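Asks: Following the hints, put chains B, C, D and E in place on chain A, whose structure we already have.
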Amino acid sequence: MLLAKVIGNVWSTKKLDKISALRLLLIQPMGDDLKPAGNVLVAADEVGAGFGEMVIVTQGAPAMQAFTKDELIPIDAVVVGIADNLEMAAEVAGKKK
Amino acid sequence: MLLAKVIGNVWSTKKLDKISALRLLLIQPMGDDLKPAGNVLVAADEVGAGFGEMVIVTQGAPAMQAFTKDELIPIDAVVVGIADNLEMAAEVAGKKK
Amino acid sequence: MLLAKVIGNVWSTKKLDKISALRLLLIQPMGDDLKPAGNVLVAADEVGAGFGEMVIVTQGAPAMQAFTKDELIPIDAVVVGIADNLEMAAEVAGKKK
Amino acid sequence: MLLAKVIGNVWSTKKLDKISALRLLLIQPMGDDLKPAGNVLVAADEVGAGFGEMVIVTQGAPAMQAFTKDELIPIDAVVVGIADNLEMAAEVAGKKK
Amino acid sequence: MLLAKVIGNVWSTKKLDKISALRLLLIQPMGDDLKPAGNVLVAADEVGAGFGEMVIVTQGAPAMQAFTKDELIPIDAVVVGIADNLEMAAEVAGKKK
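Chains as they are written, first to last, in the working numbering: chain A, 1 to 97; chain B, 1 to 97; chain C, 1 to 97; chain D, 1 to 97; chain E, 1 to 97.
Keep in mind that the hints were calculated from the coordinates and are not lab data. Take these hints with a grain of salt, some might be off.
For chains that are exact copies, the list does not tell them apart, and a pair is met inside one copy or across any two.
[Said to hold, decoys possible] Calculated lysine-lysine pairs in the DSS-like style (CA-CA distance at most 25 Å, straight line):
1) Lys35 with Lys14
2) Lys69 with Lys14
3) Lys18 with Lys35
4) Lys69 with Lys18
All of these numbers come straight from a predicted model, not from anything done at the bench.
Chain A extracted, bound-state conformation (with noise of 0.2 Å):
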């Protein structure tokens, strides 16, 4: 999954039925030191998360196993959870500068 921010909302009044009930978040992956990287990406929120936080992203198909509805949905990109804390190994994060 990937880690990323929670940077925003966007609002769409004009979307398929199937996608219609959710929202959906603009999120930015963090890369390498919890920085920036790579393009914002929109993710629907199963978890009530708020801007600012650091999130779980599931992509692709196991996305749509976030969901309790009875049919499948076209949806790609789902938050699963808040990242409330990253423990690093000193050792192993000291490995990577």
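Replies: The following block gives chains B, C, D and E in isolation, referenced to the frame of chain A:
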């Protein structure tokens, strides 16, 4: 999902029957600050998007769920909504600069 | 889907039975301004594409739906159409420069 | 699959019920010469990997098959094995330089 | 599919039962002009590929269809064929320069 701008149409007379009824758009994915980023893609249109509009594009296996046909079709990118407005938190957006 | 140009054939005598009947093409994905971008890929051909033609390529799980066999086969890229013409709005295209 | 090094843990108190029992690891994908390459990812651990260990990570829809639950869960990256040893042919490896 | 060269083996004693019987290869994807491009990957071997051979690699959900087991297994890259010969049209190849 990707944020992308509709930049054209793709015409194809010789294509698989399964996708023969679809309108195929040329889209330019957007990166940070809503500037073009990454290669142009071809996406099926299911919401009636027009040239120059900012759209939300679902990719991969979830894209197949945008269609209401009985069988799955070989489409890996589909416009699922038009992005009317992007709301970005000033504080969060500022951190990106 | 990708826009790509057919640049060759791939011959394989030792391959899985499930894909033994397929014609495998070498394709070069196209980026902005229809210039080559990204690595050469191998794609199955289901429309009879010729050398030098611009084609539409479906990737990932949706690629498996291009075949009419009873069972799914391990193919992750397939030519689903030949792109006869690309129509780009002058205004929109201009914004890209 | 990716080769990656386990560099930390991700703690999340607010997450989907479907993934609540999983241990989530921070992993750093490896590129050529076993050097870090690409963004840090979050992967579920199904083999008991420790900090600093080199692991094999399955991504996308196949990742969902690593779990023995009755229903599919929204996880797109999972550690499926620990890489004890990498054997590279001298001749082949030499060609890479 | 990717074109890649087999550059080694990956040994793993601690791995999921579902993938315990598989031979895992280190592969180096090829880009333009058959030069190495992109990160080294781990792929299951279903055709008996040898060190230094050029192979065709299927990724993602389609990779799971390369196996003849009753259940799907968590493998996202598999060698489906050995590329004996690459035929490139001179005219087309020339356009790439």
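Asks: Look at each hint and say if it fits the structure.
Replies: We went through each hint and held it up to the structure:
Taking the shortest Cα distances, Lys35 and Lys14 sit within 25 Å of each other only across copies (23 Å), while inside one copy they are farther apart (33 Å). For the identical chains of this complex, Lys69 and Lys14 are neighbours both inside a copy (21 Å) and across copies (21 Å), given an alpha-carbon limit of 25 Å. Taking the closest pair of Cα atoms, Lys18 and Lys35 never come within 25 Å of each other, the shortest separation being 34 Å inside a single copy and 29 Å across copies. Proximity of Lys69 and Lys18 under a CA criterion of 25 Å is satisfied in both settings, with 10 Å inside one chain copy and 14 Å between copies.
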